[in-house]
Each structure stands twice: as structure tokens, then as C-alpha cells.
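K.L.:
Those sequence lines, one after another, are chains A and B.
Residue numbers for the first sequence follow my numbering, beginning at 16 and rising by one.
Residue numbers for the second sequence follow my numbering, beginning at 181 and rising by one.
Don't read these hints as lab results, they were simulated from the structure.
Glycine included, every Cβ here is placed at the ideal spot set by N, Cα and C.
Take these hints with a grain of salt, some might be off.
As the list claims (entries may be wrong) - Straight-line alpha carbon distances no greater than 30 angstroms define the calculated DSS-like cross-link-like pairs of lysine-lysine that follow:
hint, chain 1, residue 1, chain 2, residue 2
1, B, K620, A, K101
2, B, K640, B, K514
3, B, K620, B, K514
4, B, K533, A, K100
5, B, K323, B, K522
6, A, K101, B, K409
7, A, K101, B, K323
8, B, K514, B, K565
9, B, K409, A, K100
10, B, K576, B, K565
11, B, K513, B, K327
12, A, K101, B, K533
13, A, K100, B, K620
14, B, K514, A, K100
15, B, K334, B, K514
16, B, K409, B, K327
What the hints assert, rightly or not - Just some of the chain B residues that point at chain A, by a computed CB distance under 8 angstroms:
hint, residue
17, Y192
18, S194
19, S196
20, S467
21, T485
22, H487
23, S491
24, I581
25, S582
26, T592
Stated by the list, open to error - Pair ranges (Cβ atoms, derived):
hint, chain 1, residue 1, chain 2, residue 2, range
27, B, R239, A, E61, 44 to 52 angstroms
28, A, D53, B, R239, 24 to 32 angstroms
29, B, V631, A, H76, 54 to 62 angstroms
30, B, E605, A, F91, 18 to 26 angstroms
31, A, P59, B, L407, 34 to 42 angstroms
32, B, K576, A, H76, 12 to 20 angstroms
33, A, D90, B, Q423, 54 to 62 angstroms
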Amino acid sequence: MSGATQAPTKSTDDKSKTVDAENSENKKAAVAPLEEDDEFEDFPVEDWTEEESQIPGGTTHLWEESWDDDDTSEDFAVQLREELKKLGNSK
Amino acid sequence: MQDALAEFYTAYASGSAVAVAHFLNPISPPQNPGRLYDFWRTTNEVRVGGDVQYALESRLRRHMSPNEINAWVDVISAYWRGVDKIVKAEQAENQGKLAERQAIDVYDAWKDLTSTFIKYISNGALPHWAVFTLYFTANHLRKFALKADEQMAKAKPVTFSSGFQDDIVSTTPRNEKLEEAARVFNRIFALCLGDRNPELMSSRKWGVYCIANLQFKTYFKLKTISLSKNVVKSIAAQSDLPQFHLYPASHRVTYMYYVGVISFLQEDYTMAEASLTEAWNSCYAYSSKNQELIMSYLIPCRLITEHKIPSAQLLNQFPHLRSLFGDLMDSIKKGDLSGFDKALTEGEPEFVKRRIFLTLERSRDIALRNLFRKVFLSAGYEDLKEGQTENDRIRKSRIPISHFAAALRMSTAGTGSSQVVDDDEVECLLANMIYKGHMKGYISRDHGMVVLNKKGAFPKTGV
Numbered sequence: 016m017s018g019a020t021q022a023p024t025k026s027t028d029d030k031s032k033t034v035d036a037e038n039s040e041n042k043k044a045a046v047a048p049l050e051e052d053d054e055f056e057d058f059p060v061e062d063w064t065e066e067e068s069q070i071p072g073g074t075t076h077l078w079e080e081s082w083d084d085d086d087t088s089e090d091f092a093v094q095l096r097e098e099l100k101k102l103g104n105s106k
Numbered sequence: 181m182q183d184a185l186a187e188f189y190t191a192y193a194s195g196s197a198v199a200v201a202h203f204l205n206p207i208s209p210p211q212n213p214g215r216l217y218d219f220w221r222t223t224n225e226v227r228v229g230g231d232v233q234y235a236l237e238s239r240l241r242r243h244m245s246p247n248e249i250n251a252w253v254d255v256i257s258a259y260w261r262g263v264d265k266i267v268k269a270e271q272a273e274n275q276g277k278l279a280e281r282q283a284i285d286v287y288d289a290w291k292d293l294t295s296t297f298i299k300y301i302s303n304g305a306l307p308h309w310a311v312f313t314l315y316f317t318a319n320h321l322r323k324f325a326l327k328a329d330e331q332m333a334k335a336k337p338v339t340f341s342s343g344f345q346d347d348i349v350s351t352t353p354r355n356e357k358l359e360e361a362a363r364v365f366n367r368i369f370a371l372c373l374g375d376r377n378p379e380l381m382s383s384r385k386w387g388v389y390c391i392a393n394l395q396f397k398t399y400f401k402l403k404t405i406s407l408s409k410n411v412v413k414s415i416a417a418q419s420d421l422p423q424f425h426l427y428p429a430s431h432r433v434t435y436m437y438y439v440g441v442i443s444f445l446q447e448d449y450t451m452a453e454a455s456l457t458e459a460w461n462s463c464y465a466y467s468s469k470n471q472e473l474i475m476s477y478l479i480p481c482r483l484i485t486e487h488k489i490p491s492a493q494l495l496n497q498f499p500h501l502r503s504l505f506g507d508l509m510d511s512i513k514k515g516d517l518s519g520f521d522k523a524l525t526e527g528e529p530e531f532v533k534r535r536i537f538l539t540l541e542r543s544r545d546i547a548l549r550n551l552f553r554k555v556f557l558s559a560g561y562e563d564l565k566e567g568q569t570e571n572d573r574i575r576k577s578r579i580p581i582s583h584f585a586a587a588l589r590m591s592t593a594g595t596g597s598s599q600v601v602d603d604d605e606v607e608c609l610l611a612n613m614i615y616k617g618h619m620k621g622y623i624s625r626d627h628g629m630v631v632l633n634k635k636g637a638f639p640k641t642g643v
């Protein structure tokens, strides 16, 4: 029995490890092109139309506009309220 | 020889500078990897001038002035000599015998081609559009110069002098060819900008921006960015250029990117934001590296000008940007100061290299503002008075300084940045926030309170 219960834990461990390894590899691979300098590449074409400068399925919101104020259950917010409550009581 | 020139005749007849530039390409196209070699084999060093002349004259005598034929003969012969060096360098490389000399030979031959071009464009022998063909030739010259410098640096390992000036000794000879190329580009730029031809359609002024872009790339490589400002200034001072939007998109976007980066480095963030945004909006949708480069400056820029962080959507679309900025932006959003410090320290080498470190460092203010904003939110609302409804409720606007201090201690308690924060310092930080307009209100020292505006205590953040 104990062997059976151990087996899955081990496999999940392994899995998480490989996922970790993959992640770190991904991260490295992702960072690699940024290691190069900031020289602007030559464009493959000289001129293009306005439509061709729109990313397909484009990003409509480039910048964060919303404030997740409703998220009062967020760890830090909870901790902060606890902390401030203590301060309030001690006064 | 006539066969080898067939591509040139077609390209020339089309009047397309790009097509002629294709003919003068120092790299064989993928669909015809033997192109350079085939062209090279049509003649030899002794016969090239005569062969090209005979071919062009017999074919074009009726269509072209003798001056122009003469100019193309020299250009194409110079191109053949460039190809000659390239083929020989490739052969040497295949035999594993690539020496310092080869890359320099290629560069020198290509510089001759570029100079020949300049000569015949400035004396008017070549048609006006040849200036764009020259641009492509010059761009290759830039790449050959980089290669030659790289190879020279490899061949002559840096010898450190024993004195204190070792760094000067090691860097001076390294960019010799690129510096030389920069002077060639200056000549071309002057040639374009100073064209007195009143006929705008056939003016060399159309070459101004693409050559300026070449200069920017070169100056950035040479780390003499300040010279780029002169280019921007002389373009701004030239009142009779064709309208900017009429130039090809690749010229405009590249120019706007560099103007944006130059403004950014001068801490003119308003100008930088405008230029980079324009570059972003017109950038070719399939050039994602360029889009990332634009954003790598636009993101720090917006932090300063608008206190805005990029959306998750944007970062998800560009994994490189996410790995560069993700942690930092998360920390700013959460008001997590120790997370911010950690992300900034971890990314420092990369940020410094991209020249954005100092700007990002300044965005710690936004993280701090978001933290203080949380204190304000967690204070909750005033009790409703009689007759008031939920809609009338207002947030508590008097908040003890000690609350901000507590939040600050919590936020910096993590590893790395656990400085002790004393109350005076907190007051100082609060005063700074108010001074910079991140918070509206005042500090009441007698009561140890911050009294915030009832409306818009934290401007532009919805509360």
C-alpha cells in the first residue's frame, strides 16, 4: 500500500522537476534574442500599407487600465488589514 | 557576360532601385545559392572592365547616354571585384584558412563600390533613384565593416598596456573600419540632404531618412550616440524635405524608433513617447523583433510619463518582453517593493545594456504609490450618515502616518531590501509622493495624519 501511495508522489515530483527544467530552458531560450544588441532590424519589405502594420488579432489594450480593487482577498491586502487593525486597536 | 547581366537589364528597365540593388547583392539568394559564383566565373580580374564595357555598350548604346554607360560599367566592375573577394573569402573559409585579411579585403572592395556609386550619383551620371540602390550597397558596407572589425579584434587579441589607460589602448583600434564606414555614410547623407534639384520627384532628398537610419545604427554601435543628434538636427533644419508621411514606411518607422531612443536617452520622455508610439503604430506587423525593441523603450517611457504599466495581453504576446519586464511590472502593480528591488537587481545587467536601468529605477515611485493606495483602500469608508445611501459613501481620508509606515515595513520585509524604515523617512516619502502629484492631500504633523483629498486622492487610479 505504502509503495502504491509513494509511487504517484514520486512521479508528480519528477513531473514538476521536468516542468521546472522546461520552464527554465524556455526562459533561457526566450531571453537569448534579447542578449543581442538593440539594433533595429532591416524590414523585409520597403513599404507597406496601414493594414499591414496591424498585428493580426491585435492587441487592443496595450496598457493596464483596470485596478483590481475588488480583489480584497489578495494575500497582501489581507495581511495589511490585519496589521492595520492591530495598530488601530493599540491606539 | 551578357547572360550574367540579363538580370541587370531587366532590373534597370523596371526603374526599380530595389531590383537593381538585388542585382548588386553580395549574398546569393536562397533559391539560387550559386549565383555569386556563377557571376564571378564569367570574367576575371584583368578582363572585367573591358568585358562589362563591351556588354553594356553593345546592349544599351541606344538607350543610355555614354556617361551613364560609363558609370554603370564602373559600378558593375566594382561589384565584380567585391564578389571576387567574397568568393575568395568563402573558399578560404571552406578550407579553414580564413584570415584577418579576407574580411578586410571584402570590406575594402565593397567600399570601392560604394565610392564609385557616390561619385557617379554626385556628378549626375546615374538616374536619381540610384540613391536607393546606393543605400542598399551602403548597408552591406556597414555589415562588412562590422565583420572586418570583428575579425581584426580576433586576430589581434587585446593587449593590455601596463599603464592605467589600458581600456583606451584596447578599444581604439577595434572599430577602425566601422568608423571609416561612418564617414562614407556622412558623405552620402550630405549628398542627399544638399540636393539642389528643384524637381522634388527626382530629388535625392528621398534618400535622407534611410541614410540617416544607417548613421544611427553605426553611431549606436560605435557608442557615439551623441553624433546622432546632429543628424536629427540637420534634418529638422532642412525646411524643403518632402512630407514625412510620403516616405516609405520602413524609412519612417526606423527613423522614428531612433529619434525615440535618442530622446529617451536625453530624458525627453514626452518626445520619446510620441516618436516611439508613432513607430509602434506603423511598424510592420510581421517584424516582431522590431516591435519588441520599440516596446522595450516605450514601456519604461510610459511608466514615467503616464505611470502606466503594460497590459498582461501585451506581455503575453511578446514573450521576450515578458521575461524582461514581467516580474518588475507585477511588483509595481502589487505595490511590492521588495519584489521590485529584487526584479530590478536581477535584471540590472540587461537593463543597463539596454540603457533603461535608470529610467526603470525611477518607476519605484509607482510601486510605492500603489502600496500607499492600498493603505488608503483598506481604511474603508466613513459611516453613512442619516439619509445617505450606498452611493454617497466616501472613503476615509484621514489616515495615520503609522499605517503607511506599517505597510512600507511589510512591503520591504522580504529578502534583499529589508531596510529599517523610520517614521521620519515615511513622512519624507509621503511628502515626495504629494509633491510629485502621485497623491493629493497634506500631512498634518501635529496629528500624525495624512489628510487626503476626498476626490481623486490618487490621481488617475480611479480613487
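K.L.:
Where does the structure disagree with the numbered hints, that is, which hint numbers, in rising order?
P.N.:
Hints 4, 5, 6, 7, 8, 9, 11, 12, 15, 17, 18, 19, 21, 22, 24, 26, 27, 28, 29, 31 and 32 are the ones this structure does not satisfy, whereas the remaining hints hold.
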